[in-house]
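Colleague: In case you want the letters, here they are:
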Amino acid sequence: MSAILPLRLEDVSFAAGGRMIIERATLSLEPGPSTIILGANGAGKSVLMRLMHGLLAPSSGRVAWSGDGARRRQAMVFQRPVMLRRSALANVTYALAAAGVRAAERERLGHEALDEVGLGHIAQRPARVLSGGEQQRLALARAWALHPEVLFLDEPTASLDPGATREIETIIKAFDAAGTKIVMSTHSLGQARRLGDEVIYLHQGRVVERAPIDRFFPHPASPEAAAFVKGELPWA
Amino acid sequence: MLDALFSGLQLVATLDLQLWQIVALSLAVSLSAVALASMLGLPLGAAIAVGRFPGRQAVIVVLNALMGLPPVVVGLVIYLLLSRAGPLGAFGLLFTPKAMVIAQTVLVLPIVAALARQSVEDAWREYEEQLRSLGVEGARAALTVLWDIRFSLLTAVLAGLGRASAEVGAVMIVGGNIDGVTRVMTTTIALETSKGDLPLALGLGMVLIAIVLALNAGAHLIKEAAQRRYG
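Residue numbers (my numbering), protein chains in the order written: chain A, 1 to 236; chain B, 1 to 231.
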């Protein structure tokens with residue numbers, strides 16, 4: 001099976017309601033380094049990831065995966081997990097069924113994934129009554145079961161407390177260690193440093209900078225990124 | 001007055017044949033109407049919820065407005081359609097229970113469809129991206145969402161049943177309130193009250209209120225249990 005990476009965005013723009021949300025983004029995502037998409041609220045991080053994942057179609061330009069069957073070999077975890085009204089385990093096996101995994105295999109793979117995120121003991125609990133942190137871990141278990149080549153995470157810890165955030169970050173590192181390419185948006189500089197290898201910095205819908213983590217934070221090249229890193233107000 | 005109330009209770013308690021025949025016909029008519037209205041209304045509501053077509057907003061406004069359709073007007077229109085000179089007169093349905101089922105179906109359909117539309121639209125807004133991310137689309141996505149909100153849809157159906165069993169205008173006009181043939185609870189209450197036969201009217205009134213109460217309690221309990229069980 002050939003790899004679906006690199007993913008190439010060629011001159012990708014996205015407009016909605018007469019406003020440019022993403023403007024002429026050209027970039028390539030390689031297998032390996034964890035990529036952090038950084039930027040202020042409204043910079044277009046979520047939209048850029050949805051364009052990559054195929055949930056949105058670009059207004060112009062092209063999003064091209066390298067291999068066949070890319071649709072099924074990527075997964076996305078959203079800021080707010082969406083769980084079906086059934087057990088935690090059934091939410092994972094539903095995703096496996098959708099991915100075409102044989103019925104006999106689903107339960108075992110589902111339990112494996114739940115154990116991986118530390119939810120093995122509540123497999124039979126209804127997913128919707130779990131806490132926010134547990135639901136997000138369940139969303140990660142759902143992705144884990146699919147063994148995606150690429151995992152998109154859209155501010156996965158934005159509405160979680162520090163404890164739950166740490167749990168999520170540990171699981172994300174496990175994905176990375178298992179060879180899954182991480183593409184994550186965040187507006188937390190600390191999280192970017194902890195999880196990222198490289199940064200794509202977005203400002204008002206434009207990719208203004210891309211750099212390895214250890215160069216980006218001490219020496220951001222663009223004035224916009226420099227202001228963001230220093231915590232300056234963009235209009236001051 | 002108290003005597004009448006007591007006699008009414010007695011009719012209910014002693015399983016008075018005439019009273020229970022009327023109750024049975026009422027339930028048969030309303031349940032048939034709600035079954036028909038649900039078969040049409042649930043898919044219709046779901047289709048409007050996820051469909052994108054010109055005039056969609058207008059359709060939603062009209063559908064919501066039709067929830068408050070006056071039963072006598074529905075009765076009148078169905079009467080005209082089914083009357084001997086009307087376009088459907090040849091079927092000879094006027095003043096039969098079938099005509100009453102048709103009238104109540106028309107009355108209930110907008111309620112079921114409008115409530116289903118709202119539930120499906122809310123759920124779809126929440127689930128769409130996640131399902132597409134999992135590669136679930138089309139009929140499979142629709143079934144997943146409908147199954148997930150099945151208790152909300154049941155509430156919509158029960159609301160329709162409450163409306164059907166409590167209305168009087170439509171069945172009165174198209175059924176004709178014929179003794180032993182098309183006489184249901186609400187029409188009997190109207191007739192007996194004007195005749196001064198209060199015990200039967202009160203007895204039926206008690207049964208009717210008990211049914212409506214039971215329906216609402218049932219809807220509430222199902223919703224509560226589902227909320228606890230599935231979140």
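If you are wondering where the hints come from, they were derived from the structure by calculation, not from laboratory data.
The structure displayed is predicted, hence computed values, not measured ones.
Positions of the beta carbon are idealized from the N, C-alpha and C atoms, including for glycine.
Honestly, I wouldn't trust all of these hints.
[To be verified] Restraint ranges, calculated between C-beta atoms of paired labels, are given here:
#, chain 1, residue 1, chain 2, residue 2, range
1, B, V62, A, R62, 39 to 45 Å
2, A, R62, B, Q57, 45 to 51 Å
3, A, R72, B, W147, 19 to 25 Å
4, A, R80, B, W147, 46 to 52 Å
5, A, G120, B, Q57, 43 to 49 Å
6, B, W147, A, Q124, 26 to 32 Å
7, A, T170, B, W147, 31 to 37 Å
8, A, A103, B, Q18, 34 to 40 Å
9, A, R62, B, E137, 18 to 24 Å
10, B, Q57, A, G42, 23 to 29 Å
11, B, V62, A, R193, 52 to 58 Å
12, A, A103, B, I178, 42 to 48 Å
13, B, A225, A, G231, 31 to 37 Å
[Stated by the list, open to error] Partner residues aside, some chain B positions facing chain A, computed with beta carbon under 8 Å:
#, residue
14, K98
15, D122
16, E126
17, Y127
18, Y230
19, G231
Colleague: Now, for every hint given, state plainly whether the structure supports it.
Modeller: Each hint, compared with the structure:
At roughly 42 Å, the beta-carbon separation of B/V62 and A/R62 lies within the given 39 to 45 Å, and the hint holds. Distance hint for A/R62 and B/Q57: a CB-CB separation of about 34 Å, inconsistent with the stated range 45 to 51 Å. For the hinted restraint 19 to 25 Å between A/R72 and B/W147, the CB-CB distance of approximately 23 Å keeps it satisfied. Separated by about 21 Å at the C-beta atoms, A/R80 and B/W147 break the suggested range of 46 to 52 Å.
Look at A/G120 against B/Q57: about 48 Å separates their beta carbons, and that is inside 43 to 49 Å. Hint check: B/W147 to A/Q124, Cβ distance near 19 Å, so the stated range 26 to 32 Å is violated. Take A/T170 and B/W147: their Cβ atoms lie about 34 Å apart, and the range 31 to 37 Å holds. At roughly 57 Å, the beta-carbon separation of A/A103 and B/Q18 lies outside the given 34 to 40 Å, and the hint is violated.
Judged by the Cβ atoms, the range 18 to 24 Å given for A/R62 and B/E137 holds: they are separated by roughly 22 Å. Roughly 28 Å separates the CB atoms of B/Q57 and A/G42, a value that falls within the hinted 23 to 29 Å. In this structure the supplied range 52 to 58 Å holds for B/V62 paired with A/R193, their Cβ-Cβ distance being about 56 Å. For the hinted restraint 42 to 48 Å between A/A103 and B/I178, the CB-CB distance of approximately 57 Å leaves it violated.
Remark: the range hint 31 to 37 Å for B/A225 to A/G231 is contradicted by a beta-carbon distance near 50 Å. With its C-beta approaching chain A no nearer than about 38 Å, B/K98 sits outside the 8 Å limit, and its interface hint is violated. This hint is violated: B/D122 has a C-beta 13 Å from the nearest C-beta of chain A, more than the 8 Å allowed. Hint status for B/E126 relative to chain A: holds, with the closest Cβ pair at about 6 Å, below 8 Å.
For B/Y127, the shortest C-beta to C-beta distance to chain A is roughly 6 Å, which falls under 8 Å, so the interface hint holds. Interface hint status for B/Y230: upheld, as the beta-carbon distance to the closest one in chain A is roughly 4 Å, under 8 Å. This hint holds: B/G231 has a C-beta 3 Å from the nearest C-beta of chain A, less than the 8 Å allowed.
Going through the hint list in order, the structure does not satisfy hints 2, 4, 6, 8, 12, 13, 14, 15.
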